[in-house]
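Just so you know, the protein sequences line up as chains A, B, C and D, in that order. Residue numbers for the first sequence, in my numbering: 1 to 370. Residue numbers for the second sequence, in my numbering: 1 to 370. Residue numbers for the third sequence, in my numbering: 1 to 370. Residue numbers for the fourth sequence, in my numbering: 1 to 370.
Honestly, the hints are just simulated from the structure, not real lab data. Among the hints, a few may not be true.
Simulated pairs of lysine to aspartate or glutamate, DMTMM-like, Cα-Cα distance not exceeding 25 angstroms [as the list claims (entries may be wrong)]:
1) A/Lys218 <-> B/Glu302
2) D/Lys182 <-> C/Glu220
3) B/Lys218 <-> A/Glu301
4) A/Lys218 <-> A/Glu264
5) A/Lys182 <-> A/Asp270
6) A/Lys218 <-> A/Asp233
This one's a predicted model, so the numbers in the text were calculated from it and none came from an experiment.
Protein chains: 4
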Amino acid sequence: MSAAPANRTPVAGSANRIPVAVLGATGAVGQTFVRLLHGHPLFELVEVAASERSVGRRYDEATHWHQGELPETAAALVVSGCDVNEVRARVVFSALDASVAGSVEEAFARAGAVVLSNARNHRMGPDVPLVIPEVNADHLDLIETQRLARAWPGAIVTNANCAVTTVALALAPLHRAFGLRKAIVTTMQAVSGAGYPGVPSLDILSNVIPHIPGEESKIEQELTKLLGTRTGDGIAPAPVAVSAHANRVPVLHGHTACLSVAFEDDVTPDAALDALLGWQGDPICRGLPSAPDHPIVVRAEEDRPQARRDVNTGRGMSVVVGRVRHDPVLDLRLVAMTHNTVRGAAGGSILNAEVMGRRGMLPGVPGGSW
Amino acid sequence: MSAAPANRTPVAGSANRIPVAVLGATGAVGQTFVRLLHGHPLFELVEVAASERSVGRRYDEATHWHQGELPETAAALVVSGCDVNEVRARVVFSALDASVAGSVEEAFARAGAVVLSNARNHRMGPDVPLVIPEVNADHLDLIETQRLARAWPGAIVTNANCAVTTVALALAPLHRAFGLRKAIVTTMQAVSGAGYPGVPSLDILSNVIPHIPGEESKIEQELTKLLGTRTGDGIAPAPVAVSAHANRVPVLHGHTACLSVAFEDDVTPDAALDALLGWQGDPICRGLPSAPDHPIVVRAEEDRPQARRDVNTGRGMSVVVGRVRHDPVLDLRLVAMTHNTVRGAAGGSILNAEVMGRRGMLPGVPGGSW
Amino acid sequence: MSAAPANRTPVAGSANRIPVAVLGATGAVGQTFVRLLHGHPLFELVEVAASERSVGRRYDEATHWHQGELPETAAALVVSGCDVNEVRARVVFSALDASVAGSVEEAFARAGAVVLSNARNHRMGPDVPLVIPEVNADHLDLIETQRLARAWPGAIVTNANCAVTTVALALAPLHRAFGLRKAIVTTMQAVSGAGYPGVPSLDILSNVIPHIPGEESKIEQELTKLLGTRTGDGIAPAPVAVSAHANRVPVLHGHTACLSVAFEDDVTPDAALDALLGWQGDPICRGLPSAPDHPIVVRAEEDRPQARRDVNTGRGMSVVVGRVRHDPVLDLRLVAMTHNTVRGAAGGSILNAEVMGRRGMLPGVPGGSW
Amino acid sequence: MSAAPANRTPVAGSANRIPVAVLGATGAVGQTFVRLLHGHPLFELVEVAASERSVGRRYDEATHWHQGELPETAAALVVSGCDVNEVRARVVFSALDASVAGSVEEAFARAGAVVLSNARNHRMGPDVPLVIPEVNADHLDLIETQRLARAWPGAIVTNANCAVTTVALALAPLHRAFGLRKAIVTTMQAVSGAGYPGVPSLDILSNVIPHIPGEESKIEQELTKLLGTRTGDGIAPAPVAVSAHANRVPVLHGHTACLSVAFEDDVTPDAALDALLGWQGDPICRGLPSAPDHPIVVRAEEDRPQARRDVNTGRGMSVVVGRVRHDPVLDLRLVAMTHNTVRGAAGGSILNAEVMGRRGMLPGVPGGSW
């Protein structure tokens, strides 16, 4: 890749796998990236980067690992700084904290890397794709605008906030079929969404906290961008009024959302079910390693989805939907749930990278080769 | 009270206290009645009644007590059957299961008792008061209609479902001030709302169950009756469209509700706060033993109310409200929380009785004597 | 097998798999049997039996399934009664409740079946093997005594109580090396050990219950039998004094045990670690489908094992041990944890069957063929 | 008190109450001190001190209050530094973190204050009383030794670690009656014992952590000092071998301990029960505001004590004991539970101060006046 500075030697990946790095690798989302990239058929994790106090240490010593067995190959990596001069991979997953993600991710894009970011900083940038690929893979085209505007050889692509991912996946087929106009969203979010150490047990045992800082505005803004339309050089947000209530509940994994929604067209629960059941999302995702067979799984039982019981559906990459029924105030009610640290964070980001690889948007990967 | 059958001798209460009985005294709500009646200045618990297998046993042996110290006077009561021939008190609190409450409560009313029922069976009866007294104490007048229609010397008065109590108390002042038109209600309900043994721990640990059988329709129906208007011989329900999502969460006590609401009149969050802060509800409640100083307590912190931390506000009889803010879809959003087994069940029922006593509606209590 | 009644036709299993049945298939342990038998390379689940109210219904309709995806082949089985005339498989796993297990299991053994029982009823029978095969596979010889004494063509073999399984696996290598004399055992047991509906959430949320009916005497008795010695026609219990404190804690899966133990020989923590690390248990288990690579996994971190994080070690079949250190009162302290419904129940029973198959103790399986 | 520097003006307390200060007032234990001192009949909280970042702010702004309603008088106090020149009260409760408590407490004692410390730093000092007054109020005499040795006008008096408080209170009467020789202690400790933010919810939801840093050695050492004997100028520790297993469990409040113990004399469960039931502890405590009517409450039910249900027994100042029974390895088994932040921390410290006041050991309080 011509954009790479001359003083860099190629990173050695396995024969057929793209070498990738994780920035912010020691935190909760960073660990999930490391876990999900282990054994990935297309990407090989070759570098982990983190903050100053971890630099120079083995990954297994620098991280307080929480994700079952730490893969040996990752354990032995030496942590580097989140610096373009230290990280050589050209495909970079960012699990950086929002306090530093903004400028660090820009530096990597400027240096030629494709940055797949889970941070909120760039999500609402007018030239930054915010992508759940089954929903809006076409928004990836926006990186052309981004490269023109910013003269970056690399790019920044973002995935959505964990809560809005649940909502957008569940509503996308309904929006396509009936034209979403209004959505009232009440979330019940797992503690793993707050990272580690995150939510103190004294705050959440036998309790509901009816507030998550910044979460409601993220849900309201990101949803309209995700459901928006690719225009000449940007995204026209979907004309949907969104109201969010974000709650933290004593659940380990899995964000649940209760949705009341209204549409332009008439919709019955049966028609909505048909739309949900028939939906596969953008076919570009089909067969990719992280793409679930069914991006939406509809449960017929009246007491599902349940966070603990359904969170691993589609290896954590499906949204599980249930209780689709008439709404006496708007048009329709339903419940949706996804795994917040897999589909809603690291897994979603990796799927974005897989789609980009298939489309020839990753350095060193000819389009269509996957 | 002349209506009492001649073959009944008066129940011996203390000098100035009204003798009362609890039907269904061994269950979770029944226990809460027993606990809250202990030391009550106006009522004296003289009888406990329960199902066949408990009859004839001491109360402390018949019940699996869950409420701290079991008062000694209650412990020593011998359980009678839920039969008008066995229970002599003329003021009767019913914590009966819905499977039997319907006919048993009718029998007691027919025999001359005032039955204050926590069961759902009669709540929506057109001649049965469904009362949260700060909200609609005037609905108690309906017992005149009830007595005429049914030729009962006694009466049945009901309190609302625990979840709708939270919602109705929080919305009543806003309805009075601005005219409620639409309400979308998402509840996160404590396990104590399901009684004992109730919710299995295997179902709820680290989980959300997005369904509580029958709960959503109760919320939708009871709310319009509670906010309705006394007409000639009935209640005209408030013309409010209500949509409910009921969820069970791993919380011991305290039902939380996220509300999105629309009004006939314009409303700002500040105007709504003024209406909430200034509201005392029907003055008939003032100073009664179970009436909280503030039926509504507004918390200014952005992360309140919280079930565990705020549940005992006003000794469990206040609704705690917070996060009053603009709603992008309807007009207003807010969060409300109350103690589901106190205000939302036994405590609400006892307050109803206190109001009736003050109004001279209880056998043997001249109006205005409290 | 000649003992099978003449009116039975063989059960059709797949070419190379032994047809098996599960008794008590709709309960919590029964479901775990069904889940673990799905895809089993040696056994094929062909029959499920349960109590009267389930008989004649499809398994997916008769059970309130709690274990992820219900395998389709099991879902379609029609539930039969727990009756020797209805169940034709000759290898039968029993997840029956203790209230009925005793006589039902005897009837199956009398009719020629090998019954692998998780029930407590027969565990302490002097001619009944109580087996954790890495620890005491040789106790299976006891079925010869059993058959002689009872004139049964079949047999009953039991696995241990879930809590004692944790303790026995962790202590077996120490007993072999140093001669266990005393053990004080304090357990912290998961709610799944109580089945479904089991422990009410109102009892266990934010609580510890310092009592599990019958559990402490099971731990005290079964441990000495498990560590005992095969004699001429019975088992001489190990001469170990055992004291157990059994507690229920708000944990879904995984029983943790804190152990203080004394030995005949001198023992240092390092010597104990060597004994634990080098132990593989009876080689008969090696390579069997349910046998973990490491029956004991020792964690070096000072805050492990942890129930939630370590419960699936060795697919739930390993015991995880940590904090091996000097005990100021006895000789040694340590912590052990296993998956109570896998190793401690259904998984342990299936491993017993696999060992029996390898040894030629199952009807229709020539020894050594696995 | 003559030792007070000349430049100090007296602190204005109410007529009959002793002015007191709390050091480390913003943390979890500090808040409990503030809550328990509210409305105290003998002490008046006049000063709160905390670390640099809180100094100069109102207490209600400086603290993240977690304890129900924050008393208004405390709310309005301005936080001072933990400095002898800023705090004028001569009776000082220390909720300081161990990282700073050592030298700060010494400075206060040197400046003439009686410091009642909840920190671990000085507990094992040979001239520092470690006191649970029902158990060893006579150890307070040690401050004479302390003053001689250190030439301090003030003094440092400590209360015990929260877990050992449970154990020492339950075992004291048994030790007095039968001579304790050995104790094996397994604790299941609440998250509030770790302060705030303390234990991350991701660590403890549905989990047991079998390790609390430093806790086991505290239990082992402090117990022998608490049960020790006052000698000429020190404390001869009780000759008891103690072994502790400390576990963190998902419980909000209440530390539970399972105890296996051996004695010099013969003991039966009945004799032990008699000793427990008849014990009132040192009579110096009787009638003091924080002293419970019954320092030990014995529950007869086989499944008690339970942390959540029994934690507030005696307003959190009683230890609740149950399941007293024979131990097959040592002599006796039992379960004990107390409120870890009340009796086990702030409440214990306040009771120590009350005893000192009664004995004339507090500046400005003539002995016997209470």
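Output the indices of the hints that this structure fails to meet, ascending. none
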